[in-house]
Structure formats: structure tokens, C-alpha cells
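Asks: Since the structure of chain G is already known, use the hints to place chain V on it.
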Amino acid sequence: MSYPRVNLLKKIEQRYQGTVSRRFMLVGTVVTPILFIAVLSGVKLIQYGGVQADLRASREIWGTLEPRLAVASDQQHGLKTNRQAIDLINGWQDSQVSMEGLLLDIQKAIPENVQLTRISIRSEVKTSVYHDVDELELGYRLALQGISQGAQAENAVINLRKDLLDREYLSATFDAVKLTSLRKRAGQSGENMREFSLEGLGAESGGEK
Amino acid sequence: MKNDMYDIKKVIKGGRLQQRAASLVGIDFSTTSTKVVRLKKIKEELVLMGLDLLPAVDFGMEACRIELPRNITAHYGSLAYTGKSSVVRMVNAALSDGQTELPERKLRELLNVGDDYRVSATLAKKGQGRHDSSFLAAAIPEDDLRFLMSMFPSGPPAPASVEVAGLSFVPAFLNARGDECQGETVCLIEAGESASHFVFINDGVPALVGKFDFGGSTLREKVVKDLGVDDELAGTILTDSSINISTSMNDVMTPFLKQLSISKDFIERHQGCIVSKVYVSGGTSLLPHWPSVVEQMLHAEVLTWNPFENIRYDHPDIVPEHLANQVTRFAAAAGAAIGGLGES
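First to last, the sequence lines map onto chains G and V.
Here my numbering is used: the first residue of the first sequence is 1, the next is one more, and so on.
Here my numbering is used: the first residue of the second sequence is 1001, the next is one more, and so on.
Okay, the calculated bits of chain V under chain G, using three or more residues with CB under 8 Å as the criterion:
hint, region
1, 1117-1124
2, 1139-1152
3, 1157-1166
4, 1170-1181
Just so you know, the hints here were simulated from the structure itself, not pulled from any lab data.
Predicted model only: the values in this text are computed from it and were never measured.
Glycine included, C-beta positions come from ideal geometry on N, C-alpha and C.
With the rest of the complex left out, here is chain G (with noise of 0.2 Å):
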């Protein structure tokens, strides 16, 4: 409610008055972000003077290990080599096939009636250049030549192909077993005899055929 007052105090006269003066609160506005900045800085500041330090700490911590680590990453490299060269040689030792093995199988696989000429057996390099052990594997090629006698002297030389297929060693060896040549040859007496070869190749050679 508005009363009738007549006020002999101009409006330039009456001056502020609240729980915060005036002069502070515009100190306060101004101060205050100022301070507050100076503040942030200086905290700022001995933080970065901290993450300095440490960085120097690190840094020196770092010029002693990186020689060691250096040496350490050649010697690990080393290692890995080493460890490569003993899988590729463990890799190429068992590779091998046992030749007696072989030899045994073809020895059991031979008939009475028949009898071997020549026997060979060539190992070879897939490629020349190693990079893990499954390419150390080896290519092997059997060479049978003999001759085969009797009434059933061509199926003997049959069965023969058969049989060695049947075999441990040489059907782990070789994939197939193939009759190259067989011709007729009469003996002395004039007996029934056949002159024959066989091939075992791998599975490589045999698709290479």
C-alpha cells in the first residue's frame, strides 16, 4: 500500500546499504575471476612443475633401461631366430621317412615269383626357401624295376602294386602306386616272364602327373 509521504531526501543522497557493500561486491566480481584464475594457475603450474619432474625422472629411468632393452630386444630376436632355425631343423628331421621302414614294407610286399632289378628311392625339396615347418616336407619318388615270372606273372606284378599300397610306411609315403611298363620277356627255359616298373610318387607328384 502506498501512503502520502513527502520524502525531503534526493535520490543522489540515499546510498547503498546491504550485508555486502557495494565496493566489495564490485572488488569481488573483479578479484574474485582474477584470483581464482591466479589460483588455477599456480595449481596448474605446480602440476606441470610435477608432471616436469617426473617426466625427467622417466626420462632418465628410460636412458639406463633403453640400452638394456635394446640388448634385451636383439637377444629376444636372437631367441625367436634360434627358436625358428631348431623348428625348421626339428621340422626337417621329422620330415624324413624312415627308409628301413620303407625298405621293410617293399621287402614284405615282394612275392616269391618276383624279383626286384633296380630299387629307388629319391627324396626332394618342395622349394628352396623355408619359411615354417610345413613347407620343410619333402617329395619323395619310389622306382621299382623287376621282373615277374611264372603262370600269373602279370598278376603277381598287379597284386605287387597293391600290396605296396597296403604297406605302413609306404602308404604313408606315397599316394599312389603306378604300373609304368610292363612287357613280355620269355626266359631261358621259356617260361612266362614280365618285365615290369613301378612308380610310388606323392601326392604332389601324383597330381603333377
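Replies: Just chain V now, kept in the frame of chain G:
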């Protein structure tokens, strides 16, 4: 857009004042004492937070900072000035369209004061057509104003207004009895120690104001002279009804009351009404014989009123026991504070 900006400014300004005047201390620098009243406005309700009677300030001495009790101080203060040199008057002047204030030169001329006076006026009634507008005007010496201001150089309370005590009690009356007097014309008398003021209120608006150099001291001087007693004993006789001093009282009051009677007749004729009630306040109104003498002379019902009516007490014992019968003396201080809070 322009109106929106105006409203925003108004809201900001209003908000600031609202905050500023949430609590206000009214200080009446009267002849016998300094009356201090602290009021608080909680929503629309006025709350009395404290009051006290401090020693009087001698305007003849060098001004010094006034120290208020801590529980009665506030950020802002409304000051009421009681001085023999003050001038109060209703002045009439023609206003052009849109004009609400009188030029200072014109006001000085109407109040018949020089440049050594601080003058101010507020529009009481806007004149319609050819009729002049009436202003409630006041003036006090610049020296006294500077004296008042120098008592509050810094810190709380900061003076928010300076009024003449003879007018500052009006808001207290309107707050207390405004509703009771709606549509009526009543006479208010604020009788102080050295001066008395009267205000005729017509429907809440001041219609006529005046000041008399008459008060408690005038009566005491008369009793001292007539009965040959000292000033202290005269004061006791005035407050005590054991001795009949009606003759002395009538003698000294007759000139004052005659003028008041003339003013009453003028108002009744001018406003076409009957002033049937006279409300008295101030220290002199506490004298036992005084209201009855006024009643006889003015032929109107004389009523006393409490300036703290319609004001909630912060706690029941807020009015000290020794002041319980003297609350009417706080009318000017309370009115100054109520008026200040009313503007927020």
C-alpha cells in the same frame, strides 16, 4: 518492445526496492527523545521487531554518529525530523498534462522559504479541469538535514528518507485505522513537546495540514507561570489529575484550538462533510486533561489510537513495560517505517 523493456526495468527496480526495504528502522528525532522502531515486512504483514527510546539529539551540538541497539538496526532507516523550523503545508498549483511534480522554485515560493531550506512535495490530489492540483509539501533547514545525514555517515542504517515528523505519523494512522475511516473526513493531531501538527484526512488523502508551535512544553511553561512551581513539578501536575489546571490549559490551548476549529470549519465547508472524529497521538496526548479540552473545543469525538495496531509483535514482550503506556509517542517513527515499507 519499449513497454516490455519498461516492465523489465520496473521489475528489476521493484525487486531491488523490495529487497532493500524488507526491514526498515524508523527514527524520530523528537525534542524529548529519539524514538526508534524497527519493522519488518513479511509478505504483506508488518511485524514489529523492536522499539526503543534513546536520548534526544541536540541539533545545536556537533553531529556525531548515532549508535542504535543491535536488535533494532536495519540496512535502511526512515528518519523523522521534529524541529521548530520545519514547514508543512498543502499547496495548490495548476499542472500541465503529464506533470506530477512542482518545480522547486515554485515550491519554495508557495512554502515561503529560501534556498537554505530543503523542500519537497508529493501530489495529494490531481486537479480536474480548471481546478488546481493539491500537494502535500514540507521543508526543513538544509543545515538540519545535513546534521541528520552526518549521523549516518556509513554502515547501517542508511537513510532512505527524511520526513517531517508531523506528517510521517500519517501512514501509521492509515495502517491502524485507515479502514475505519474510509469515506470519512477525520482530523489527526500529533501533539509533541515543542510543536503540534494536524492533518485532515479525507478518504485516506490529506486535505489540509498545519503546524502549531504548541506542545507539552507550552503547557508546562503556563503551569510554571500560573502556579509558581518549577518545571519538573509542573510536569508532574500536568500528568497528575489531582490539581485542577483546566483554566491554565484552556488559556494556552484556546488560540491553538481556535485555529484548528477554523480549519475544521473550512474543511467541512470545502469538502461538504462533517469532521466527527479527532484522532490524537504524541506525548502531549497522554496528558489526562488534554483530550477532553480538545473535545470540548472542537465538538468532535476525540479518540486515541495505537500506532502498532494491525502490526504483529515479533514476540509478546517486545514493548518494554515502561513504554507500554507511551506507544502513542512512537507514531512518527512507526509511520516513517510503515511509509517506507509501503513504497517497496
